[in-house]
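Listed here are the chains, written in short residue letters.
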Amino acid sequence: MDHDPTRRHALRCMGMGAGTLFALSGGVLTGFDLAAATERGAAAKVGAPLFVQISDSHIGFNKAANPDVAGTLARSIALVNSLPRQPGLVLHTGDITHLSRASEFDDAAQLLRGLRVAELHTVPGEHDVTDGAGTEYFARFGAPSKNRGYYSFDHAGVHFVALNNVMQFKPGGLAALGEDQLAWLKDDLAGRSASQPIVLFGHMPMWSIYEPWGWGSSDAPEVMDMIRRFGSVTVLNGHIHQIVQKVEGAVTFHTARSTAYPQPAAGVGPGPGPLTVPPDQLPRMLGVTSVSRAPLHQPLSITDIALA
Amino acid sequence: MNLRIFARALAATGLAAVAAFALAAASHAAASADAAVTIKDFDFHPMDIAVPAGATVVWKNLDGEPHTVTSVDGTFRSGALDQGDSFSFRFARPGVYRYLCTIHPRMVATVTVR
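So the sequences go chain by chain: A and B. Per the numbering used here, residue 1 is the first one in the first sequence, and the count goes up by one each step. Per the numbering used here, residue 1 is the first one in the second sequence, and the count goes up by one each step.
Keep in mind the hints are simulated off the structure, nothing from the lab. Beta carbons: idealized from backbone N, C-alpha and C, even for Gly. Take these hints with a grain of salt, some might be off.
[Unchecked claim] Derived BS3-like pairs: lysine-lysine, alpha-carbon spacing no greater than 27 angstroms straight-line:
#: 1; chain 1: A; residue 1: K63; chain 2: B; residue 2: K40
#: 2; chain 1: A; residue 1: K170; chain 2: A; residue 2: K186
#: 3; chain 1: B; residue 1: K40; chain 2: A; residue 2: K170
#: 4; chain 1: A; residue 1: K170; chain 2: A; residue 2: K146
#: 5; chain 1: A; residue 1: K146; chain 2: A; residue 2: K186
#: 6; chain 1: B; residue 1: K60; chain 2: B; residue 2: K40
#: 7; chain 1: A; residue 1: K170; chain 2: B; residue 2: K60
#: 8; chain 1: A; residue 1: K246; chain 2: A; residue 2: K186
#: 9; chain 1: B; residue 1: K60; chain 2: A; residue 2: K63
[Stated by the list, open to error] Residues from chain A that face chain B, not an exhaustive set, calculated with beta carbons under 10 angstroms:
#: 10; residue: A65
#: 11; residue: L99
#: 12; residue: E126
#: 13; residue: G172
#: 14; residue: A175
#: 15; residue: W213
#: 16; residue: P274
Start from the sequences, fold in the hints, and give me the full structure.
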């Protein structure tokens with residue numbers, strides 16, 4: 001029974017009944033309706049959020065699928081700010097802007113400053129680096145990675161690895177991390193205890209979801225070889241504007257919703273463009289992801305929270 | 001082709017000014033186009049075109065998703081083209097120019113300049 005009135009209120013604000021809570025138990029993904037989860041006291045399973053993932057804000061987009069992406073990003077930030085226990089940090093998994101323009105980055109940065117959480121870590125999406133060198137993206141977010149887009153840090157005992165998989169690709173093929181980044185990653189993970197939880201985050205999906213639409217990374221298998229020895233690995237991506245999850249042994253893969261607009265399911269239509277839905281349905285298809293450390297050294301627990 | 005290293009080299013040699021000129025040329029595209037490529041449904045139409053040296057090719061994006069027109073060898077780069085945006089480039093030298101969309105790298109096409 002949940003005796004915390006502020007938490008009950010916050011969960012109501014998140015739109016109970018429309019969100020899905022996934023709890024990990026021994027590596028098996030279990031889905032709960034958010035309303036049912038609260039009644040059964042699943043709040044204890046979620047615990048205090050370790051961090052929140054937001055993704056694909058596409059500031060600058062203004063077509064029918066969402067004429068107000070700044071508004072839905074602001075609402076997503078308000079959602080994060082309303083969590084009764086604030087996460088330690090926020091990850092943005094890329095496509096912060098729609099067309100890599102300076103004004104779009106300025107607007108996005110201003111909105112993101114509205115987060116109560118002070119610590120924000122980003123990776124670029126392919127929409128952020130259409131100027132080739134990623135000049136505007138790196139001018140704002142390049143410092144942690146010396147303008148390479150990949151870097152790592154530790155927080156609360158978890159090792160976070162930010163990956164850039166949008167600037168190396170074969171014409172006609174998939175995006176990749178590239179040789180330099182793979183070498184860096186191998187070095188970064190070397191010598192770490194297998195019991196330290198690892199979180200990898202990058203824009204493109206790091207497993208093959210649907211290659212005809214570019215939903216995958218060509219050198220992801222090499223990354224999987226490097227992380228196979230660890231006891232808890234969480235791979236968080238964006239790009240596809242919908243939730244797709246997979247659990248493979250100790251590795252949990254998860255793509256997040258966008259805060260801007262949804263995309264069609266794999267293969268439905270000519271390509272991965274914006275999907276226009278009736279306005280009252282749009283908030284249910286946008287949202288953020290909260291990740292918590294489940295009790296008793298379980299894998300990290302992932303909760304997707306819809307905007308409505 | 002390592003586009004990232006290429007892009008840094010491009011900026012270093014000042015050829016970024018050439019790209020800016022090419023973007024400006026888009027406003028005069030209708031008057032001087034010798035060949036047109038339509039970007040629709042995540043494809044370049046036609047996928048392979050042939051033009052004489054000195055010809056200007058104009059690309060227009062009709063998709064609701066932005067695309068770029070980026071040559072593999074670094075000769076031309078459009079930046080992000082929103083729906084309805086155009087990009088034009090004058091091909092002075094003969095050759096086979098393979099290009100792609102850097103947002104959706106599976107989209108590839110060629111311009112053959114005789």
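Consistency of the hints with the structure:
1. K63/A to K40/B: Holds, at roughly 16 angstroms.
2. K170/A to K186/A: 22 angstroms, holds
3. K40/B to K170/A: With a Cα-Cα distance of about 21 angstroms, the restraint between K40/B and K170/A holds, given a limit of 27 angstroms.
4. K170/A to K146/A: Measuring from Cα to Cα gives roughly 24 angstroms; hence the hint holds.
5. K146/A to K186/A: 18 angstroms, holds
6. K60/B to K40/B: 9 angstroms, holds
7. K170/A to K60/B: 23 angstroms, holds
8. K246/A to K186/A: 23 angstroms, holds
9. K60/B to K63/A: 18 angstroms, holds
10. A65: With a closest approach of 8 angstroms, the A65/A hint holds.
11. L99: 4 angstroms, holds
12. E126: It holds, given that the least Cβ distance between E126/A and chain B is near 5 angstroms, below 10 angstroms.
13. G172: 5 angstroms, holds
14. A175: It holds, given that the least Cβ distance between A175/A and chain B is near 7 angstroms, below 10 angstroms.
15. W213: 8 angstroms, holds
16. P274: With a minimum Cβ separation of about 5 angstroms from chain B (threshold 10 angstroms), the hint on P274/A holds.
Comparing the model with each earlier hint shows no violations; every hint is respected.
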